[in-house]
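> Make a model of the complete structure from these sequences and hints.
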Amino acid sequence: MRYVTATIALVALVQACTAQPPVRPVFRLADFWSSKLKELPYDSPPQVIYRIDDHRFVTLEHYRDCYHGDSYYNDTRDGIRKYLGRGLFENFQGRVINADPSATNIVLPLAYPPRAFCGNGEKGCVVPLWYSTDGGKTFHSKVYMDHSFNPFEDSKDYTVAATKDKLYVAKKYQYRIDLPEYDLSVNEYPLNPAVDLNKPYPPGFHSDSAWQSNKKLMPEGLRTPSGQDRIICNPSIKPTNPDAPLAPQ
Numbered sequence: 054m055r056y057v058t059a060t061i062a063l064v065a066l067v068q069a070c071t072a073q074p075p076v077r078p079v080f081r082l083a084d085f086w087s088s089k090l091k092e093l094p095y096d097s098p099p100q101v102i103y104r105i106d107d108h109r110f111v112t113l114e115h116y117r118d119c120y121h122g123d124s125y126y127n128d129t130r131d132g133i134r135k136y137l138g139r140g141l142f143e144n145f146q147g148r149v150i151n152a153d154p155s156a157t158n159i160v161l162p163l164a165y166p167p168r169a170f171c172g173n174g175e176k177g178c179v180v181p182l183w184y185s186t187d188g189g190k191t192f193h194s195k196v197y198m199d200h201s202f203n204p205f206e207d208s209k210d211y212t213v214a215a216t217k218d219k220l221y222v223a224k225k226y227q228y229r230i231d232l233p234e235y236d237l238s239v240n241e242y243p244l245n246p247a248v249d250l251n252k253p254y255p256p257g258f259h260s261d262s263a264w265q266s267n268k269k270l271m272p273e274g275l276r277t278p279s280g281q282d283r284i285i286c287n288p289s290i291k292p293t294n295p296d297a298p299l300a301p302q
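Basically my numbering = 1-based index in the sequence shown + 53.
Think of the hints as simulated: they come from the structure by calculation, not from any bench.
A virtual CB, placed ideally from N, CA and C, is assigned to each residue, including glycine.
There could be a bad hint or two in this list.
[Said to hold, decoys possible] Below, a list of computed lysine to aspartate or glutamate pairs in the EDC-like style, where the Cα atoms sit at most 16 Å apart: (1) K268 with D236; (2) K225 with D210; (3) K195 with E241; (4) K219 with E241; (5) K291 with D118; (6) K224 with D199; (7) K217 with E273; (8) K135 with D187; (9) K225 with D207; (10) K217 with E241.
[What the hints assert, rightly or not] Listed next, with one range per pair, are the computed distances between beta-carbon atoms: (11) K176 with N251: 18 to 28 Å; (12) R276 with R130: 18 to 28 Å; (13) D96 with R276: 32 to 42 Å; (14) A83 with P256: 39 to 49 Å.
Spelled out as structure tokens, the structure:
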């Protein structure tokens, strides 16, 4: 009788175990970053998250949510499609303005997903932006934020703008008692095909920087043709497979 009881208990235990739903894979940011997949596996439809005008825009594709996907710059008139990175452009929380009427100069700032650990020790990490001086055919990087431990939040204080000849990076400060509230620290860089912003400039080109309250470096009224100056993602659009594995099968 004791043997029968033990057998019944064992069978019940096995049935209970097999009846449990399979453990769903847990999304890990480390897997998201290190994935060697050419495209993320999520089946979410592309959505435009930043529009410059009727034919130039950035799409977020293959995304798990609004902060974890692949972004692309598109120019349907000139047939341009450029990969901007994974979990980068969609996470910039500040203002981005493309106000070059010739459509030659373009700037697209990057950041990192929320709650992403950034940097080591006391240094934090550096965060770049993409800029183009040939209408988006090629993009180059330029660091606009350094020593940041939380680029997602820190990017909220930045305005990045491109004009017919300049790149402006403005940061809002709230804590300097000798300056007006929300004063801007503005860095101005030349945008020209002859200039690599990461190398010494050719003769005739220079950068400048100033507090906006003391020197009006950044023009007022800069506007993207579409009127959009922030990245906008619809969080209600989701993939049907948010737990798809991030490693080749």
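> Compare the structure with each hint and give your call.
Quick rundown of the hints versus the structure:
{"no.": "1", "hint": "K268 with D236", "in the structure": "11 Å, holds"}
{"no.": "2", "hint": "K225 with D210", "in the structure": "5 Å, holds"}
{"no.": "3", "hint": "K195 with E241", "in the structure": "13 Å, holds"}
{"no.": "4", "hint": "K219 with E241", "in the structure": "7 Å, holds"}
{"no.": "5", "hint": "K291 with D118", "in the structure": "6 Å, holds"}
{"no.": "6", "hint": "K224 with D199", "in the structure": "12 Å, holds"}
{"no.": "7", "hint": "K217 with E273", "in the structure": "14 Å, holds"}
{"no.": "8", "hint": "K135 with D187", "in the structure": "13 Å, holds"}
{"no.": "9", "hint": "K225 with D207", "in the structure": "10 Å, holds"}
{"no.": "10", "hint": "K217 with E241", "in the structure": "13 Å, holds"}
{"no.": "11", "hint": "K176 with N251: 18 to 28 Å", "in the structure": "19 Å, holds"}
{"no.": "12", "hint": "R276 with R130: 18 to 28 Å", "in the structure": "20 Å, holds"}
{"no.": "13", "hint": "D96 with R276: 32 to 42 Å", "in the structure": "36 Å, holds"}
{"no.": "14", "hint": "A83 with P256: 39 to 49 Å", "in the structure": "47 Å, holds"}
Checked against the numbered hints listed earlier, the structure breaks none of them; every hint is satisfied.
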